[in-house]
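Student: Given chain A, work out where chain B should sit, using these hints.
Protein sequence lines, in the order shown, are assigned to chains A and B. Using the numbering used here, you'd call the opening residue of the first sequence number 500 and step up by one each time. Using the numbering used here, you'd call the opening residue of the second sequence number 12 and step up by one each time.
Rather than coming from a laboratory, the hints here were simulated on the basis of the structure. Quick caveat: nothing in here was measured; it's all calculated off a predicted structure. For every residue, glycine included, the Cβ atom is placed at its ideal position computed from N, Cα and C. One or more hints might be untrue.
Claimed, not checked - No farther apart than 30 Å at their CA atoms in a straight line, the calculated lysine-lysine pairs in the BS3-like style are these:
#, chain 1, residue 1, chain 2, residue 2
1, A, K660, B, K37
2, A, K660, B, K38
3, B, K42, A, K537
4, A, K648, B, K38
5, A, K628, A, K510
6, A, K570, A, K512
7, B, K42, A, K660
8, A, K648, B, K42
9, A, K615, A, K588
10, A, K660, B, K55
11, B, K37, A, K610
12, B, K47, A, K648
13, B, K35, A, K615
14, A, K570, B, K37
15, A, K506, A, K610
16, A, K537, B, K64
17, A, K570, A, K628
18, B, K42, A, K615
19, A, K610, A, K570
20, A, K648, B, K55
21, B, K35, A, K588
22, B, K35, A, K512
What the hints assert, rightly or not - Which residues of chain B face chain A? A few of them, derived with a C-beta cut under 10 Å, are:
#, residue
23, L16
24, N17
25, N18
26, R19
27, L52
28, K55
29, D59
30, S76
31, G77
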Amino acid sequence: MTFEEIKNSLKYKTVGIAGAGGLGSNCAVALARSGIGKLIIADFDVVSESNLNRQYYFYDQIGQIKVNALKDNINRINPEVQISIHILKVDEYNIPYIFSECDIIIEAFDKAEEKKMLIETVLTEFPDKPIISGLGMAGFGDNNSLHSKQIENLYICGDEKSEISDNNPPLAPRVGIVSNMQANLVLEILLN
Amino acid sequence: MTITLNNRSESFDFEQLTISEILKIKKFTFKALVIKINRELIRKNQYDTAVVKNGDNVDIIHLISGG
Numbered sequence: 500m501t502f503e504e505i506k507n508s509l510k511y512k513t514v515g516i517a518g519a520g521g522l523g524s525n526c527a528v529a530l531a532r533s534g535i536g537k538l539i540i541a542d543f544d545v546v547s548e549s550n551l552n553r554q555y556y557f558y559d560q561i562g563q564i565k566v567n568a569l570k571d572n573i574n575r576i577n578p579e580v581q582i583s584i585h586i587l588k589v590d591e592y593n594i595p596y597i598f599s600e601c602d603i604i605i606e607a608f609d610k611a612e613e614k615k616m617l618i619e620t621v622l623t624e625f626p627d628k629p630i631i632s633g634l635g636m637a638g639f640g641d642n643n644s645l646h647s648k649q650i651e652n653l654y655i656c657g658d659e660k661s662e663i664s665d666n667n668p669p670l671a672p673r674v675g676i677v678s679n680m681q682a683n684l685v686l687e688i689l690l691n
Numbered sequence: 012m013t014i015t016l017n018n019r020s021e022s023f024d025f026e027q028l029t030i031s032e033i034l035k036i037k038k039f040t041f042k043a044l045v046i047k048i049n050r051e052l053i054r055k056n057q058y059d060t061a062v063v064k065n066g067d068n069v070d071i072i073h074l075i076s077g078g
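This is chain A alone, in the form it adopts within the complex (with noise of 0.2 Å):
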């Protein structure tokens, strides 16, 4: 496929990204970036500065709501890119009619009750959608360790063994690495 056919297919794909983080700032930008036609973005949380190592935020936005900054930057690299934004506390109520008409759903969430949540959520309210899950990729190097696997419409992106902690923390590198092989999912799945 050529890029404008690649991008001709993506336009009319709507993607739904719970959680504007290290996983949902940086998938975000990748599918803008191949020419997704929507994005629909929830999150509470605003930008701080302990985000920049590996947010796709900058310095200047700290104190703003994360998908408001968000859609500022998807909109400086590709203003056709849709962009439909959540400003509240996912949960499991508000699941069902945020993310109705996506035809994808990323989980990017950072504590584990809560990818618990979105994926149960979404397994039982849209059974046919698929969502992609990023699990495991706190620290540094181990490149291999890095992977993705599909268990029906549920699929993992990540080692599913680095937790997150002090003397772990998440860094751009490997979270990079993580929320673009979610992005790259999502492309295999739209475009076959």
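Tutor: For chain B alone, coordinates are given in the frame of chain A:
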């Protein structure tokens, strides 16, 4: 019984087991899990009652913080 657990064949010296029993035997201690038996999602409140039998396909996914 022999089941497929996370895509690998596993044998247990029992005719059947609940999800809670399998978690104990396998020493799966992660707090947040997504579990499916034969494509069907098993919620946490079903772990003590959902039964796994010979030939079943079980997926147990550990959810890991970070993102």
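Student: Give a verdict on every hint.
Tutor: Here is how each hint holds up against the structure:
Pair hint A:K660 plus B:K37 holds up; C-alpha atoms about 16 Å apart against a cutoff of 30 Å. Of the supplied pair hints, the one linking A:K660 and B:K38 holds, its CA atoms being roughly 15 Å apart against a limit of 30 Å. Proximity of B:K42 to A:K537 is assessed by CA-CA distance (about 35 Å); at most 30 Å being required, the pair is judged violated. Annotation: proposed proximity of A:K648 to B:K38 holds, straight-line Cα distance about 23 Å (limit 30 Å).
Of the supplied pair hints, the one linking A:K628 and A:K510 holds, its CA atoms being roughly 18 Å apart against a limit of 30 Å. With a CA separation close to 18 Å, the supplied pair A:K570 and A:K512 stays within the 30 Å bound. Under the criterion of a C-alpha separation no larger than 30 Å, the hint pairing B:K42 with A:K660 is consistent with the structure, at around 13 Å. A distance of roughly 21 Å separates the Cα atoms of A:K648 and B:K42; the hinted pair therefore holds under the 30 Å criterion.
Restraint check for A:K615 and A:K588: the C-alpha separation of about 15 Å stays at or below 30 Å, so the hint holds. Only pairs whose Cα atoms come within 30 Å are accepted, and A:K660 paired with B:K55 is accepted, the gap being roughly 21 Å. Taking the CA atoms of B:K37 and A:K610, the gap is about 24 Å. The hint holds against a cut of 30 Å. This hinted pair checks out: B:K47 and A:K648 have alpha carbons roughly 15 Å apart, not beyond 30 Å.
A threshold of 30 Å between alpha carbons decides the hint, and for B:K35 with A:K615 the separation of about 20 Å falls inside it, so the pair holds. Restraint check: the Cα-Cα separation between A:K570 and B:K37 comes to about 45 Å, which exceeds 30 Å; the hinted pair is violated. Taking the CA atoms of A:K506 and A:K610, the gap is near 33 Å; set against the 30 Å cutoff, the hint is violated. For the proposed pair A:K537 and B:K64, the alpha carbon gap of about 44 Å is over 30 Å, so the pair is violated.
Taken as a hint, the A:K570 and A:K628 pair is honoured in the structure, with Cα atoms around 24 Å apart against an allowance of 30 Å. About 10 Å separates the Cα atoms of B:K42 and A:K615, which keeps this hinted pair within 30 Å; it holds. At roughly 23 Å between alpha-carbon atoms, A:K610 and A:K570 fall within 30 Å of each other, so this suggested pair holds. With a C-alpha separation of about 23 Å, the suggested pairing of A:K648 with B:K55 holds against the 30 Å cut-off.
Simply put, B:K35 and A:K588 have alpha-carbon atoms about 33 Å apart, too far for the 30 Å limit, and the pair is violated. Among the hinted pairs, B:K35 with A:K512 is inconsistent with the structure: their alpha-carbon atoms are about 43 Å apart, more than 30 Å. Taken as an interface hint, B:L16 does not check out: its beta carbon lies about 12 Å from the nearest beta carbon of chain A, beyond 10 Å. The interface hint given for B:N17 holds, since its Cβ lies 9 Å from the closest Cβ of chain A, which is under the 10 Å cut-off.
At about 8 Å, the closest approach between the beta carbon of B:N18 and any beta carbon in chain A falls short of 10 Å, and the interface hint on this residue holds. Hint status for B:R19 relative to chain A: violated, with the closest Cβ pair at about 13 Å, above 10 Å. Because the beta carbon of B:L52 sits about 5 Å from the nearest beta carbon in chain A, less than 10 Å, this interface hint is met. A hinted interface residue such as B:K55 counts as satisfied when its beta carbon comes closer than 10 Å to some beta carbon of chain A; here the least separation is about 9 Å, so the hint holds.
Look at B:D59: its Cβ only gets to about 17 Å from chain A, farther than 10 Å, so that hint breaks. Checking B:S76 against chain A by beta carbon gives a least distance of about 5 Å; that is within 10 Å, so the hint holds. Here the hint on B:G77 is kept, as its CB sits about 4 Å from the closest CB of chain A, short of 10 Å.
This entry does not satisfy hints 3, 14, 15, 16, 21, 22, 23, 26, 29, going by the numbered hints stated previously.
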